[in-house]
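The primary structure of each chain is shown beneath.
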Amino acid sequence: KQEVTQIPAALSVPEGENLVLNCSFTDSAIYNLQWFRQDPGKGLTSLLLIQSSQREQTSGRLNASLDKSSGRSTLYIAASQPGDSATYLCAVYSGGGADGLTFGKGTHLIIQP
Amino acid sequence: NAGVTQTPKFQVLKTGQSMTLQCAQDMNHEYMSWYRQDPGMGLRLIHYSVGAGITDQGEVPNGYNVSRSTTEDFPLRLLSAAPSQTSVYFCASSESLAGGYDEQFFGPGTRLTVL
Numbered sequence: 005k006q007e008v009t010q011i012p013a014a015l016s017v018p019e020g021e022n023l024v025l026n027c028s029f030t031d032s033a034i035y036n037l038q039w040f041r042q043d044p045g046k047g048l049t050s051l052l053l054i055q056s057s058q059r060e061q062t063s064g065r066l067n068a069s070l071d072k073s074s075g076r077s078t079l080y081i082a083a084s085q086p087g088d089s090a091t092y093l094c095a096v097y098s099g100g101g102a103d104g105l106t107f108g109k110g111t112h113l114i115i116q117p
Numbered sequence: 130n131a132g133v134t135q136t137p138k139f140q141v142l143k144t145g146q147s148m149t150l151q152c153a154q155d156m157n158h159e160y161m162s163w164y165r166q167d168p169g170m171g172l173r174l175i176h177y178s179v180g181a182g183i184t185d186q187g188e189v190p191n192g193y194n195v196s197r198s199t200t201e202d203f204p205l206r207l208l209s210a211a212p213s214q215t216s217v218y219f220c221a222s223s224e225s226l227a228g229g230y231d232e233q234f235f236g237p238g239t240r241l242t243v244l
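Chains B and V are the protein sequences, given in the same order.
For the first sequence, the numbering used here assigns the number 5 to the initial residue and increments by one for each residue that follows.
For the second sequence, the numbering used here assigns the number 130 to the initial residue and increments by one for each residue that follows.
By construction, these hints were calculated from the structure, which means they are not laboratory data.
Any given hint might turn out to be false.
As the list claims (entries may be wrong) - Restricting the straight-line Cα-Cα distance to at most 30 Å, the calculated cross-link-like pairs of lysine-lysine (DSSO-like) are:
| id | chain 1 | residue 1 | chain 2 | residue 2 |
| --- | --- | --- | --- | --- |
| 1 | V | LYS143 | B | LYS109 |
| 2 | V | LYS138 | B | LYS72 |
| 3 | B | LYS5 | V | LYS143 |
| 4 | B | LYS72 | B | LYS109 |
| 5 | V | LYS138 | B | LYS46 |
| 6 | B | LYS46 | B | LYS5 |
| 7 | B | LYS109 | B | LYS5 |
Please model the entire structure based on the sequences and the hints provided.
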């Protein structure tokens, strides 16, 4: 069964720093990987979707990479801002509707002003 | 374009009561699903639908029913609520399941407490 792990579970950094969030998955046979942001008491906002054939995706200050063979993805946030404070979730789709997306437990990020 | 909407935002039930969580999307998406989010457990799939009239079970379907009479709506029913169903419920949709290539969009969630 697919398992997704996110490290670290929590991270606190000063404003302006570049940072990397990590996601690993146990079964490399995935169709895609999606990064989400979740603000306290809110829903999930999709940040980036990487297809299995892609190596990376970029959106503004965010860059996500995918190394399917090693079962890893990273989310790079450049020039962090207090507004980036949230929980970041990684999810993989391995096929088969009954499995849906397999989520990690998230990285709780705090950007200190 | 409202995306995925869910009602109610909050709900408190007593054990044994029934209720329906509503989910609607206006993006003409074929695939819709329900997840529950519990502390320390992450999000887990309850039920999903690949199109109107077609539903199936996910990882944790017990205690929940769904139906899909239209493309837009995918309600989740709790027939006899139990404290173990206290959770945050999210509805999601994507264009299709074809090859799993599609970005999934989530609603704002329903926070349910069962006493």
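Check each numbered hint from earlier against the structure, then list the numbers of those it violates in ascending order. 2, 3
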